[in-house]
Amino acid sequence: MEMTDKKRAIKGGEFLIRETEAKEVFIPEEWTEEQKMIANTCDEFIEHEVHPVVEELDSHKNPDLMPQLMDKAGELGLLGTSVPEQFGGFGMDFNTSMLVSEATGGGHSFAVAISAHTGIGTLPILYYGNEEQKAKYLPKLATGEWKAAYCLTEPDSGSDANAAKTKAELTEDGKHYLINGQKMWITNGGFAEVFIVFARIEDDKYLTAFIVEKGFGGITMNEEEQKMGIKGSSTRQIFFNDCKVPVENMLSERQNGFKIAVNILNIGRIKLGAAAVGASKKTLQRATTYANERKQFGTSISSFGAIKYKIAEMTTKLFATESALYRAGQNIDDAYDALIAGGMDEAKAKLKAAEEFAIECAILKVHGSETLDYVVDEGVQIYGGMGFSAEAPMERAYRDARINRIFEGTNEINRMLMIDMLLKRAMKGQLDVMKPAMAVAKELTSIPDFGAAEDTSLFAQEKKVLKNLKKSGLMIAGAAAQRLMTRLKDEQEILMNLADMLIEVYVAESTLLRVEKLVGVKGEEACATHIDMARIYLYHAVDKINSVGKEAIYAFAQGDEERMLLMGLKRFTKVNPFNLKEARRRVADLVIAENQYPF
Amino acid sequence: MKILVCISHVPDTTSKIAFTDNNTKFDTSGVQFVIGPYDDYALARAVELKASHGASVTVLNVGEASTEPTIRKALAIGADEAIRVNAFPSDSHFVASQIAEVAKQGSYDLILMGRESIDFNGGMVHGMVAEMLGMPSVSPVMRLDIEGDLAKMSREIEGGHEEVEVKLPFVAGCQEPIAEWKIPNMRGIMSARTKPLNVLEPVEVGEFSVVENYELPPAKGEVRMVDADNVEELVRLLKEEAKVL
Ligand SMILES: Cc1cc2nc3c(=O)[nH]c(=O)nc-3n(C[C@H](O)[C@H](O)[C@H](O)COP(=O)(O)OP(=O)(O)OC[C@H]3O[C@@H](n4cnc5c(N)ncnc54)[C@H](O)[C@@H]3O)c2cc1C
Numbered sequence: 000m001e002m003t004d005k006k007r008a009i010k011g012g013e014f015l016i017r018e019t020e021a022k023e024v025f026i027p028e029e030w031t032e033e034q035k036m037i038a039n040t041c042d043e044f045i046e047h048e049v050h051p052v053v054e055e056l057d058s059h060k061n062p063d064l065m066p067q068l069m070d071k072a073g074e075l076g077l078l079g080t081s082v083p084e085q086f087g088g089f090g091m092d093f094n095t096s097m098l099v100s101e102a103t104g105g106g107h108s109f110a111v112a113i114s115a116h117t118g119i120g121t122l123p124i125l126y127y128g129n130e131e132q133k134a135k136y137l138p139k140l141a142t143g144e145w146k147a148a149y150c151l152t153e154p155d156s157g158s159d160a161n162a163a164k165t166k167a168e169l170t171e172d173g174k175h176y177l178i179n180g181q182k183m184w185i186t187n188g189g190f191a192e193v194f195i196v197f198a199r200i201e202d203d204k205y206l207t208a209f210i211v212e213k214g215f216g217g218i219t220m221n222e223e224e225q226k227m228g229i230k231g232s233s234t235r236q237i238f239f240n241d242c243k244v245p246v247e248n249m250l251s252e253r254q255n256g257f258k259i260a261v262n263i264l265n266i267g268r269i270k271l272g273a274a275a276v277g278a279s280k281k282t283l284q285r286a287t288t289y290a291n292e293r294k295q296f297g298t299s300i301s302s303f304g305a306i307k308y309k310i311a312e313m314t315t316k317l318f319a320t321e322s323a324l325y326r327a328g329q330n331i332d333d334a335y336d337a338l339i340a341g342g343m344d345e346a347k348a349k350l351k352a353a354e355e356f357a358i359e360c361a362i363l364k365v366h367g368s369e370t371l372d373y374v375v376d377e378g379v380q381i382y383g384g385m386g387f388s389a390e391a392p393m394e395r396a397y398r399d400a401r402i403n404r405i406f407e408g409t410n411e412i413n414r415m416l417m418i419d420m421l422l423k424r425a426m427k428g429q430l431d432v433m434k435p436a437m438a439v440a441k442e443l444t445s446i447p448d449f450g451a452a453e454d455t456s457l458f459a460q461e462k463k464v465l466k467n468l469k470k471s472g473l474m475i476a477g478a479a480a481q482r483l484m485t486r487l488k489d490e491q492e493i494l495m496n497l498a499d500m501l502i503e504v505y506v507a508e509s510t511l512l513r514v515e516k517l518v519g520v521k522g523e524e525a526c527a528t529h530i531d532m533a534r535i536y537l538y539h540a541v542d543k544i545n546s547v548g549k550e551a552i553y554a555f556a557q558g559d560e561e562r563m564l565l566m567g568l569k570r571f572t573k574v575n576p577f578n579l580k581e582a583r584r585r586v587a588d589l590v591i592a593e594n595q596y597p598f
Numbered sequence: 000m001k002i003l004v005c006i007s008h009v010p011d012t013t014s015k016i017a018f019t020d021n022n023t024k025f026d027t028s029g030v031q032f033v034i035g036p037y038d039d040y041a042l043a044r045a046v047e048l049k050a051s052h053g054a055s056v057t058v059l060n061v062g063e064a065s066t067e068p069t070i071r072k073a074l075a076i077g078a079d080e081a082i083r084v085n086a087f088p089s090d091s092h093f094v095a096s097q098i099a100e101v102a103k104q105g106s107y108d109l110i111l112m113g114r115e116s117i118d119f120n121g122g123m124v125h126g127m128v129a130e131m132l133g134m135p136s137v138s139p140v141m142r143l144d145i146e147g148d149l150a151k152m153s154r155e156i157e158g159g160h161e162e163v164e165v166k167l168p169f170v171a172g173c174q175e176p177i178a179e180w181k182i183p184n185m186r187g188i189m190s191a192r193t194k195p196l197n198v199l200e201p202v203e204v205g206e207f208s209v210v211e212n213y214e215l216p217p218a219k220g221e222v223r224m225v226d227a228d229n230v231e232e233l234v235r236l237l238k239e240e241a242k243v244l
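Protein sequence lines correspond, in order, to chains W and Z.
Quick note: the first sequence, position 270, residue 269 per numbering that gives the first Met the number 0, numbers continuous.
Quick note: the second sequence, position 163, residue 162 per numbering that gives the first Met the number 0, numbers continuous.
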């Protein structure tokens with residue numbers, strides 16, 4: 000990637016081998032007034048238009064309700080944030096569109112409907128459509144006049160997306176493709192006018208994508224799926240029976256469908272992380288309010304240490320995901336700007352930029368969805384019996400959160416993907432992992448350096464710890480790759496361990512960098528709670544990396560090598576004692592006093 | 000038609016209320032500020048009138064620079080331009096004097112605002128402004144239609160509604176459901192930055208009130224539930240514990 004004048008171009012995945020400076024990251028405290036106003040509009044819409052009807056949405060008694068809400072969102076312009084102005088949208092940058100995902104993320108079923116429409120429904124046309132296709136579909140999608148769905152998954156093809164059996168056959172006159180097959184789990188299926196359909200032509204190796212209008216005919220569907228959560232979102236099985244699609248509705252080129260699916264999912268994944276942050280904030284807000292109001296043993300339950308622990312953990316995890324989310328989002332924006340400056344066209348540059356940070360996108364999908372699940376789980380617990388009652392909001396939050404670990408690539412698939420991408424980039428020489436990995440190996444056999452005077456500046460200690468965490472990752476990944484070679488891909492348990500290490504390094508670092516940058520602006524005193532959170536998160540990361548690291552080492556190493564790796568891991572995950580309990584109390588006390596997520 | 004909408008910049012209703020400087024100042028740290036909810040309805044009605052009758056809408060806020068995000072939100076909702084009188088809104092008389100001064104310069108046909116601000120809830124500004132300008136003032140207005148140079152309004156009174164007609168220009172204190180409440184849309188937000196926001200210096204006004212100190216209302220006591228059948232226990236509690244009998 001080319002260098003811009005202002006910033007050194009950062010590479011995706013590079014965080015593992017490079018020390019990032021605080022000034023290089025974007026932090027949410029830097030949102031402009033306009034961006035805040037946009038988020039505020041989304042909040043108000045969710046609060047005033049969506050929340051009062053979530054129950055009704057979930058009941059499906061009025062199937063028009065969801066499309067009506069989408070229309071209202073369209074009137075406000077919320078469906079066109081990523082669509083360029085020339086096609087009736089607002090052409091906002093990537094981080095702003097993520098902020099919109101976050102701010103609508105607390106909208107339960109509606110959040111899923113809007114994200115499917117604006118993401119997987121609209122983006123394939125935006126990024127892969129030709130000029131005619133864009134001119135025909137984007138303006139209607141940007142206003143919500145037409146609603147979109149994305150048809151990739153089939154009964155026998157889920158994670159293995161390219162195994163889809165749906166066929167597209169050219170008619171004799173060469174003017175149409177006839178699509179035949181069955182799609183499953185199609186979000187917005189019940190009311191969409193436009194479907195992005197993936198099908199195979201002849202015996203092609205890869206799928207081809209088509210833009211299909213409901214009016215083309217040959218489309219039937221089953222009743223709504225009965226789901227555990229997000230019950231209000233429309234999810235259908237769709238059957239294509241000689242659905243006649245004009246040849247000009249092929250999206251991009253023949254066999255390019257799988258690539259489209261993968262690239263669109265990169266964006267979908269990180270935005271899912273954003274939506275999860277939004278849902279987590281709403282949940283934390285409610286749980287805190289409840290904890291402040293609910294009295295037992297003569298006092299608010301928020302005064303109990305066990306509840307403070309939960310509030311602090313929910314807040315810290317959420318803060319950490321948020322830090323990583325917008326750091327990665329800004330990286331994508333910067334990469335895009337650099338590509339545009341280099342002469343690339345907009346659509347290509349958007350995709351390329353997201354692809355560059357595909358590892359980070361996968362990390363945020365996994366971490367965002369798992370943070371949300373933690374938050375809703377503890378949310379239920381804070382509500383006690385009321386948490387289990389369908390009368391109170393936690394029960395729905397708990398059910399609705401669960402889908403996030405499944406769609407847009409399951410968290411298992413995403414974990415494997417991030418390691419696969421990292422190793423591929425290392426092989427291709429795009430990421431120089433070898434040198435630092437070798438340096439770590441060398442360090443292992445040398446005597447630890449005890450001599451250096453203690454640096455007492457803020458985060459000096461933490462940065463050393465972080466560096467060591469990266470070393471742990473490099474050491475174990477390097478040894479595993481060396482020992483197992485091509486067999487590594489079959490040792491999924493180890494891949495999961497490596498993925499967890501990668502995730503923790505990225506999130507812990509992002510949190511530390513955010514706080515460091517903020518301290519630079521506001522000073523240490525004003526950021527005391529932020530500093531606590533950065534430390535709490537880092538200590539989590541250390542524990543996690545130590546535990547999954549050990550598991551990995553036990554799994555592939557033996558004898559001297561095992562001993563050496565374990566010793567190295569112990570050395571690299573060594574931290575000074577830090578009173579986490581008191582730090583958590585300080586975090587919780589602030590959240591409790593402000594009765595909301597205060598960051 | 001020229002409409003002036005006066006908006007207050009007030010703490011969100013969910014804000015935590017605390018004071019500083021020996022309880023003489025409201026503690027704004029961590030407080031989210033919003034357009035006064037009643038003012039928001041006045042603004043929404045002005046924007047509706049602009050759409051139906053063709054009008055120019057000017058928003059006015061008496062406040063320090065920190066109120067500008069609130070003002071720009073009003074622009075995003077649909078006002079055409081904004082004026083900020085650069086001063087701390089110390090009391091109703093001060094604010095009304097500043098508004099009257101701006102109004103004199105602009106010859107507005109309608110001067111709309113909320114029936115009251117939700118911070119100090121004085122509910123006096125519209126009356127004072129009207130008095131200073133020699134115009135009629137109506138409040139709380141729940142319906143407002145314009146026909147020619149006549150304003151037809153419905154006003155809430157004790158136990159019912161009052162239909163009022165006045166000639167333009169006039170001052171009105173508004174409240175729900177005078178208009179459909181509006182969320183700023185993306186287009187509005189994007190265009191807000193290009194709309195003029197003029198800053199004027201305040202006119203001198205004598206000080207009529209001084210804040211000596213603020214006090215929070217006493218915390219609500221605990222509620223004890225007594226079984227409906229157990230009147231004796233209730234009487235005992237009222238006698239022995241509450242000591243009100
Ligand atoms: C509510 C909802 C909405 C959806 N919306 C859409 C939509 O709009 N459009 C669309 O196309 N799809 C949609 N999906 C489908 C969704 O993307 C898939 O369910 C998901 O990709 C998983 O596929 P699957 O259900 O077939 O599970 P499977 O692939 O059968 O996976 C089952 C389990 O096996 C694991 N697994 C699978 N392969 C591997 C492997 N190689 N190694 C290790 N573990 C593996 C998975 O992680 C998972 O735990 C939706 C699904 C739901 C539930």
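Each hint should be verified, as a subset may be incorrect.
Below, computed lysine-lysine pairings styled on PhoX-like, alpha-carbon distance capped at 25 Å [what the hints assert, rightly or not]: (1) W:K10 to W:K226; (2) Z:K181 to W:K35; (3) W:K258 to W:K427; (4) Z:K219 to W:K35; (5) W:K35 to Z:K166; (6) W:K521 to Z:K24; (7) W:K294 to Z:K219; (8) Z:K15 to W:K294; (9) Z:K181 to W:K71; (10) W:K71 to Z:K219; (11) Z:K181 to W:K139; (12) W:K35 to W:K521; (13) W:K521 to Z:K181; (14) W:K243 to W:K258.
No lab work stands behind these hints, which were simulated from the structure alone.
On a predicted model such as this, the values are computed, not experimentally measured, just so you know.
Hint by hint, here is what the structure shows:
no.	hint	in the structure
1	W:K10 to W:K226	40 Å, violated
2	Z:K181 to W:K35	17 Å, holds
3	W:K258 to W:K427	20 Å, holds
4	Z:K219 to W:K35	36 Å, violated
5	W:K35 to Z:K166	41 Å, violated
6	W:K521 to Z:K24	23 Å, holds
7	W:K294 to Z:K219	14 Å, holds
8	Z:K15 to W:K294	20 Å, holds
9	Z:K181 to W:K71	12 Å, holds
10	W:K71 to Z:K219	41 Å, violated
11	Z:K181 to W:K139	23 Å, holds
12	W:K35 to W:K521	20 Å, holds
13	W:K521 to Z:K181	35 Å, violated
14	W:K243 to W:K258	24 Å, holds
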